[in-house]
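Residue numbers (the numbering used here), protein chains in the order written: chain A, 2 to 135; chain B, 734 to 1210.
Keep in mind that the hints were calculated from the coordinates and are not lab data. Computed from a prediction, not measured in an experiment: that's the story for all the values here. Keep in mind that the hints are not guaranteed to be accurate.
Simulated coverage check for chain B against chain A, where a stretch passes if three residues somewhere in it have a Cβ under 8 Å from a Cβ of chain A [said to hold, decoys possible]: (1) 853-867; (2) 1172-1183.
Footprint (simulated), chain A over chain B, 3 or more residues, beta carbon under 8 Å [what the hints assert, rightly or not]: (3) 835-842; (4) 1126-1139.
Here are some chain A residues the structure puts well away from chain B; computed CB gaps all over 12 Å [to be verified]: (5) 57; (6) 78; (7) 82; (8) 83; (9) 119.
We put the CB at the ideal spot given by N, CA and C, even for glycine.
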Amino acid sequence: MFRDKKGIYTILSTFFFIILAVAVVIVLIYYGGFMASAEKKASSSMNVRDLVLDAKDKLVYCYGTPMQNINTKDCNVSLIDGYTIQTIDYGSCSNTTLKDFGDYADSKNRFVFFVSILNETDGTNCLGKVEVYI
Amino acid sequence: MDFAETIVSSLIVIVILILVGVIIMNQAPKFLFHKSAEQQQVFLDESYSGNLNALLDVTEPVSGQSFGTLLANSIYYHQPVMDFERDGAAYTINVSKEFEELLDEVFGEDKYYAKVSAQTNLSLFFIFDGSDSLEEERRLLAQNLKSITDSVQNYSGVPISDQVFVLSDNITKCNLFLSENITCAIIDDSELYRDNCDDSSADYREKYCFIRPNVTDSGRNAIDYFEPDWASGSAYVASLPLIDPSSIALLFPVSDELSTSSIPDQCFKTDFSSTPWHRLACDVCSLSNNSETIIERSLSYVSNLVDFLISEKQNVLVYPINAHPASIQDCDYNYFYGGRNELIQYSIEQNGGQPPDNGRTYCGEDVCKGCVDYDFSDNYVCFHPEVGANITFQMEFLANSTRGDLILLSNVDDLPSKVNLTISDLLAHMILEVGQKNDYGERIVVERNLLLPGLGNNYALLRLWVYTGEASRARLI
């Protein structure tokens, strides 16, 4: 009789542990998948920041410091949707959009940087704003 | 037993697996979080740094200077509000307010704190007229100088050094300071003057014409003119190598006379021992030396000092202390009574407080009047009525030319507090702060060195805190 119960116990315990092991593995797989997704999302936003900084550096390199010839020159920066450049109202400068480049109507992110822009009328430096869309 | 062993060993394996799983699950997000936070930090650092550069490059419209230069000048001249002239019109720039407006535009209102402060040491140099009339001033300063410098240094954090000089050939005049462990040295005429002017000379005394006063046929001792020569004394101290070009030096010349004396040379020629009131009359009635008045001579030395400091010592600020007795301003110059070729002393006290019937003065000049010394003691020295105002004028000219300030010492006991206030006030004006300081807020810190004008590599440090809460990041994203 004891031998019979022992056989049942063995089956039940084995079944239980198998289920438990499977559950642990499923949890680990699920969590691994979740972390992979989170990492992908984080990497994506990190990449976006890198791209935006890179885009800003390229624009500064292209237009110079202070920025000039903005109206007459187009600087194409890849991997972003577009950008705008405007002067801010201060001193002899007014709120004026000097460049509106690209198609960014559907962009999810907008980053703002401040730069100095040459006022070609009087040679002074204006405070300017560059908006990068990605 | 087999069954129990199976269960227990299985449980152990499962527990180990769970523990390992939990550890891995904890580490992964932390690593991810740190990596993301680092990237975010780099992004914000670079962005805010670039934004600050843009702000400092902006041209301020009235002064035509970049904003970085304007900030440095504001600190250097310790003027948060600066005056400019442009196209014949006068303008005022509130540097602090304009800086704040630009920071609001770039970083957002209430999202930052900025402080600009001069990074420099401060050296204090006191140049005392060595005459006995200033002994009380010397004693007070000796007793209080250490506490003044300690309190200012503790409050401001700026390192301060100090030294005292006394215009004299008598080293005992330094004893008061040496007994308080204050460095003191005497300066005599051999150090103050040269014999010739030579504007190509390397010696500042020849180049800027600090020559011995031209005194001829005089019973006068050299000490009578070099002891009160606070202008030449200040020039000497400013020329010393111990004034570090990278520090800011404050000179405090202390005197109650015109530079090179308030008494004309001819008053020293005659022996007045039997008729002291004649000497008194000479002192109060004469302005002229042989070729120039004592006022003109003093002004020439002060002007030479200004030329020297502006040309070669732009890190030196002068704060003259005018110890000319206020009581002399109250001297009643009307009551000398002139008899035939001699003065008669008129005692108001002995005449019931009444002035003489004839208010004539001894000297023919309109401006020359007498003054009464009630006890007619020889110890009382009285100067020409124009002397006091000219001491003030010349000291003020020197102060204004060198970005300093005049200290009027109407009460000798005020000396320590006035010196303390002067230094504290200067340091307060060499700091500019805008925005809200929050020591506990998460922030990105951006720093810049702004080169101060003038000789030497003095810098002002601009430290900007940009708070990095969600609302702050919205400025960038």
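Hints, one by one, checked against the model:
1. 853-867: Three-residue rule not met by the stretch 853-867 of chain B, so violated; n is 0.
2. 1172-1183: violated (count 0)
3. 835-842: holds (count 3)
4. 1126-1139: Violated, because only 0 residues of the stretch 1126-1139 of chain B bring their Cβ atoms closer than 8 Å to Cβ atoms of chain A.
5. 57: violated, 7 Å
6. 78: Nearest chain B Cβ is 16 Å from residue 78 of chain A, so the label holds.
7. 82: holds, 15 Å
8. 83: It holds; residue 83 of chain A is separated from chain B by about 16 Å at its closest Cβ, greater than 12 Å.
9. 119: Nearest chain B Cβ is 10 Å from residue 119 of chain A, so the label is violated.
Comparing the model with each earlier hint shows violations of hints 1, 2, 4, 5 and 9; every other hint is respected.
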